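On the provided structure of chain C, position chains E and D as indicated by the hints.
Here the protein sequences come in this chain order: C, E and D.
Residue numbering for the first sequence follows UniProt numbering, starting at 1 and increasing by one per position.
Residue numbering for the second sequence follows UniProt numbering, starting at 1 and increasing by one per position.
Residue numbering for the third sequence follows UniProt numbering, starting at 1 and increasing by one per position.
Please keep in mind that the hints were generated in silico from the structure rather than gathered at the bench.
Remember, predicted model here, so these are calculated numbers, not experimental data.
To be clear about the criterion: a stretch of chain E counts as covered by chain D if any three or more of its residues have a C-beta under 8 Å from a C-beta of chain D, and this derived list gives those stretches:
1. 87 to 96
2. 178 to 188
3. 205 to 217
4. 247 to 254
Have a look at the derived ranges for each label pair, beta carbon to beta carbon:
5. C/Val178 / D/Val157: 42 to 50 Å
6. D/Ala114 / E/Lys81: 17 to 25 Å
7. E/Val15 / D/Leu40: 57 to 65 Å
8. D/Asn250 / C/Leu136: 38 to 46 Å
9. E/Lys62 / D/Pro204: 22 to 30 Å
10. E/His106 / C/Leu12: 44 to 52 Å
11. D/Asp51 / C/Phe80: 49 to 57 Å
12. C/Ala9 / D/Leu40: 49 to 57 Å
13. C/Arg2 / D/Asp323: 55 to 63 Å
Think of the CB as a built atom: it goes at the ideal place given N, C-alpha and C, for glycine as much as any other residue.
Read off the chains here:
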Amino acid sequence: MRYYLRKLAFYLVALWAALTLNFVIPRLMPGNPVDILLAKLQLRGGSVDPAARRSFELLLGGGGDESVVSQYLSYLGNVFRGDLGVSVSAFPAPVSQVIADSLPWTVVLVGIATLLSFLVGIALGALVGWKRGTWLDALVPATTVLSAVPYFWLALILVAVFASALGWFPLLGGYDVVLSPGWDAEFLSSAIYHGTLPALTIVVSSIGGWLLGMRNMMVSAASEDYVLTAQAKGLRDSRIMIRYATRNAVLPSVAGVAISLGFVVSGSIITEQVFSYPGIGSKLLQAVQNNDYALMQGIFLVITVAVLGANLVVDLLYALIDPRTRVTG
Amino acid sequence: MTTLVARDLVKDFGVRDGLRRRSLRAVDRVSFTLEPGRTVALVGESGSGKSTIAKMIARLEKPSGGSIAVTGPDGVEVPDKDYRHRVQMVFQDPFASLNPFHTVEHHLARPLRLHGRARGAEETARLVSELLERVTLPASFASRRPHELSGGQRQRVAIARALAPGAEIVVADEPVSMLDVSIRLGILKLLARLQKEEDLAVLYITHDLATARHFSDEILVLYRGRVVERGPSDRVILDPRHPYTKLLAAASPNPDARDRVFEVGRAAVEAAGATAAYDHHTGRWEEAA
Amino acid sequence: MTNPSPVTAPSRTKDGRRAMLPRWSPKLGVGLGLIGAIALFGVVGPLVVGDPNAVRDIGLTAPGGEHWLGTTQTGQDVVAQIAFATRGSLRIGLLVGLMATVLSAVFGIVGSYAGGIVDELFSLFSNVMLVIPGLPLVIVIAGFVPAAQRGSWTIAVVLAITGWAASARVLRAQTLSLRNRDYVAAAKVAGEKTWRVITVEILPNLLPLLASQFVFAVVLAILSEAGLSFLGLGASNSSTLGTMLYYAQNGFALQREAWWWFVPPGLVIALFGCGLSLVNFSIDEIINPKLRDVPRRPGKVAEALRVTPAERGEDDAVLTVEDLSVVYQGDKPVHAVKGVSLTLRRGEILGLAGESGCGKTTLAYAVNRLHKPPAEVTSGAVTFHDRDGTDTDVLGLGPEELREFRWTKLSMVFQGAMNALSPVTSVAAQLDDVLTTHRPGMSRADRRARCVEVFELVGVDPARLGSFPHELSGGMRQRVMIAMALLLDPQVMIMDEPTTALDVVVQRGILLEILKFRDELGFAVLFITHDLPLLLEISDRIAVMRDGEVVELGTAQDLHLDPRHPYTRELLDSFPSLTGDRGGFIRGTEPALHDGGVR
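The shape of chain C in the complex, shown without the other chains:
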C-alpha cells in the first residue's frame, strides 16, 4: 500500500511540476507571445475579442492588471476542464480537438513500437547475457552502433533504401490520402503499411538500449548465489535462465523504463517529422513553426501527461513482479 501511495503522490507532484513549468516558461521568455498570436489570428480571420485575448493571456502571460497568482489559478482551472485554448494554425479548431485528432496515431505507433522493442530487447539481452562467451557476444558491439544512431538519420536511411530505392514502402504519411479514416480493413491495412517504416525506426534505434541494459544485469545475475543454488539443485538450464536469472535481471530494466521512455518519445517526435506522420510530434513542430503557442503548450502537456501515465503504469506493474515492494512493515 505504502509503495502505491508513494508512487501516486510522486506522479501528482510531477504533474503539478509539468503544469507549472508550462505556465512559467512563456512568462520567462522574451517578447510578447500573445501579441504575435493575436496578430496571426487576425490574419486568419479570427475574432480578437477580449475573451480570446484573456484565454491566451492565461496561457502565455502578458495580461496587464491581473495578478500572477490569479492567472495561475484560472490557468489550472482551464486545464482541468480540458480547455487548452484555440489553435491558430488550425483555426478555429480548439487545441484539444487538434490533439485528439493526432494523438491516437502517435499512441499506437510509439506504443506498439516501444512494447515490441522492449520485449525483443529484453529477450535478446537475457539470451546474450546468459550465453556469454559464445558468438552471441557479437551482438553487443552491433547494438552499440545502433543505439548511437540518431533516430531521424536512421529514418532518412530507411526511407532512402526501402521507400525511394526499393519502393517497398510509402515515402511519407500515415495512410493513403485517398482513403477516409475509419475502422475498415482497407484503411487499417493502409495505416499499418504506412506505419511500418516509422515503427521500424523506433524499434531498431531503441532496441540496443534495452538489450545492453538487460545483458549487463543478466551477467550480474548469472554470478549470484541463487543461480549457483539452482544449478546445484539440478534444474534444467533453460529453467534456471528464465525463472532465476531473467526473473531477477529484468527488474532494473523495468525500473529503468522511466529514463528510457523520455528518449523514445523524443526520438519519435523527430521520426514523425521525417515521415510527415500525422501524429502529435509533427503537430508540435508545425505549431512551433507557426508560432502556435497554445497548441505547442497543449501538446507538451499532453505528451508529458502520457509519459507520466505510462511511467505510473510501469511502476504499478513493477510492484507486481518485485515482492519486496509489497513490504508493509
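Coordinates of chains E and D only, in the frame set by chain C:
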C-alpha cells in the same frame, strides 16, 4: 589519567511502520566507565545495540539520552573540539575502513596533521613510519594502497590510524571478526601490547565470548539494548548468572566440552527471555521459529 | 565473509587507483580510436578543408575529383561542411556534457551526502525532471525564443537543464552507498571536515561513475542537438551535423538520391557515439567487475589426466575423492586444490577446516562439478557409492546425467542463505522446482505435502511456505535451505559455512537439527567451515586444509588432543578456550613478534 564515563546512554531510531513513524530503542540506559589500562568488553548478538554504543562513543551517532564525558588527567572535562584527540575507533571490516583510492600514508598523515601532531612533510613522514613500526609494519608500507595489503595488515594500519591523533581511549568494534582465524590473535595481542605501552582505555565490542573473556577486565552482556549482566570477565563467563549469558555460553563452540548436553533447547531459550531474534535484512525482531 | 566464492574473490583485491583505469581491450581500443579520429577531424579538419560556405555554380555533384564527397545543391563542398559541423557538434556536446555532469553531481552527490530533507527535495526534483520528457520541453522553450536570439549558449544551457536528471539519480545511489562505507566514518572520526570528506574520500571513488555519466551526457547532448537542429530549432549562430542534415532534408537530398549529402553527417554522429559507448563499456567494467569478460561455461574436467574411479572399499564409503586437483587457469595458473583424497563414510559428519583461500570451497564445488571457468579439474576422480550398490563416476557424467545426479544424491547448503534463495520467487516455488524437475510423476498435492513435511522437519511453520525470502529471518532462511536440501532424501549433503553469518544461539539450534537429521535420516555431511572449535564439537572426522592440500585428517578427538601437523596446532591455538585456563593467553606477556605483519 583520561577517563570516559558513559551514563544512561539511550538511542532511539525512527522506523517507518506503514505510514506511521515509530521509534525503536536500540540502546537502553547503558552506563560504563573506561579507564586507562583497562578494557571493557561489550558482548552481544546482532541487534543487541553494541555497535550503536560504539558509534555513539566515536561520535558517529548522537545519543538520544544520557551523557558521555571525557575527563583529562587534570580532572577537567575535555571540551567538544578536543574530543577526537582523545577518543578514536578501530572498525570491524578492514576491507571497508580504508579508502581504496588512497595510500597508507594518506590514512596516517591526515589524522597526524588534523590533530596538530605533525607539521611539515618531513615530520609527518617520520611520524608515519613511527606509527607503522608500532603496529609492526615496515615503513615502506606507507606508499602502498589498501588492495596491496592483506586483511591483517589493513587492520594494523587501521589501528595505527586510531593511534595517530594520540588517542587515549580506543573503541575497537569487532576488530578481528572479519579476519582469518590464524591472524586474529596476533591483532588482539598487538592491541593489548599497545594498550599496555600507552596506558589506553579500550572498549572492546565483540560477539565472541572467548576473546571477550581473555582480552577484557570487565564484561557487559547486552540483549536488545539492555545490559543483562556485568562483572569481572572471568566471573561473567565462568559463572554466568543471567539466563541469557548462560545461553550464550552454552551455545558458543567449546571443544573442551564436546560431550556436554546442550542446553539451548526451547526451554533454555525461553528461560533466557531470548525467544526473539534480530534480522539484519528486515531490521526487525522476530520470534524465533 | 570469510569465504568468498571463487567467482567474486578477485574483485576485492582489484580496487585502488590502478583499477580505476579501464583495462585494455579491443573494445576500448576501437572506441578510443573512433573518438580520437573524429575529434582530430573536428579540430584539425576545419583548418585544411577551406571555406564550407563557398557557393559554386556546379550545383549538386556526386563525389569524385576535387570534391571527395561531392557538393550540396548550392555547390558547397560536403567534406568542408562536415569538418566544420563536426567541430560544432563536438563543441556543444562537450559543453553540455560538462554542464550536465556538474548539475548532476551537485544534485546527486551533495544531496545524498547531506541526507535528510535536502536529499528528499533534491531527489524529488531530479526524479520529476527525469519523468518530464526532455525533447518536447526543449522544443517548447526553443519555440518561444525567437530564432535570432537562439545562440549556441542558449541551446547548450537548455539541453543541460533537461539532460542531467538521469545521471543525478545514478550518482545519488552510488553516493548513498559510499557515504555509509566505514572509511567515510573513519574519516569523520579522524576529524575531517565535511567538504573534505566529500572531495577527498568520496569523490575519487566516484570518478569512474562520473566519467561514465559524462560520456553518456556527451552522447545524449550530441544526439539531442542534432535532433533539434534537424528540426530547424538549433542555434542560429553555429553549424552542426544536425544543421547539415536539416539543409539536406530541406534541399530534398533524399528525393534527389544525394546520399553523399545526408549519409556522412549521421555516420559521424553514429561513429562518435559508438566510440563513446565502447569506452563506456570499459568504464562500466570498472564499476561492475562482474562484467569483465569471463566466459560462463560449465567448468571443465580435463579428460586425459583422470584417475580411474575407485572400487567400493571395505568401509561403508558413500563418496570417494581421489587425488583431485583443481587449477584456476590463466596467465599464472593457480593450483587451488592439489591432489586431495578424501573418503566420506555413510552417516558421518566430515569436517573440512581451513582459512580463506585454502581451497576448501573450490574442492566442495568441484565434487559436484559446480566450479566455473577459469577453474578446471585437472586430475583425479570423484566416485559416489549409492546405497543400492551402484557406483557413479561423477566427473565422467554427461551433462544430463550430472543434472539428474545433483540434489537427488548430493545436495548442498550454501553460506549466505539470503543470496542462495531468489528474492523474487516464493519459497514454496523454489522448493517445488526441485520436485517438478526430479520427480516429474508427483502430483501437485504430493509435492505440497512433501514441502510441508520438510518444513516441519527443520522446525519452520509450513504457513511460511508462501513467504518470500525477505520476509524470513536469517536463521529461518538457512533452515529453509536445509529443508530444500532434504527434499529428495539425498545420501550426501555438502554444507559450505552454513552457519557462519548467524548468531551463536541460532547457529547452535541449526547445528542441533543437522545432528538430529544425520542420526534419523542417515545421510553423510561434508561440513566446511573456518571455525575449528565448532567442527571439533560436531564432526566425527576432520580434514584440515591449507594451500590446497589436506595437511591432516583424523578423528575429531585425535585432532583436538593430539594434533600432528604444525598448522593444525596453529589453528587450534588461534581459538582461545572459552572456559579453559587463561594462561596469559592474550593479555599476559609481551607477544612474540611472530605476528610480524607478514600476512
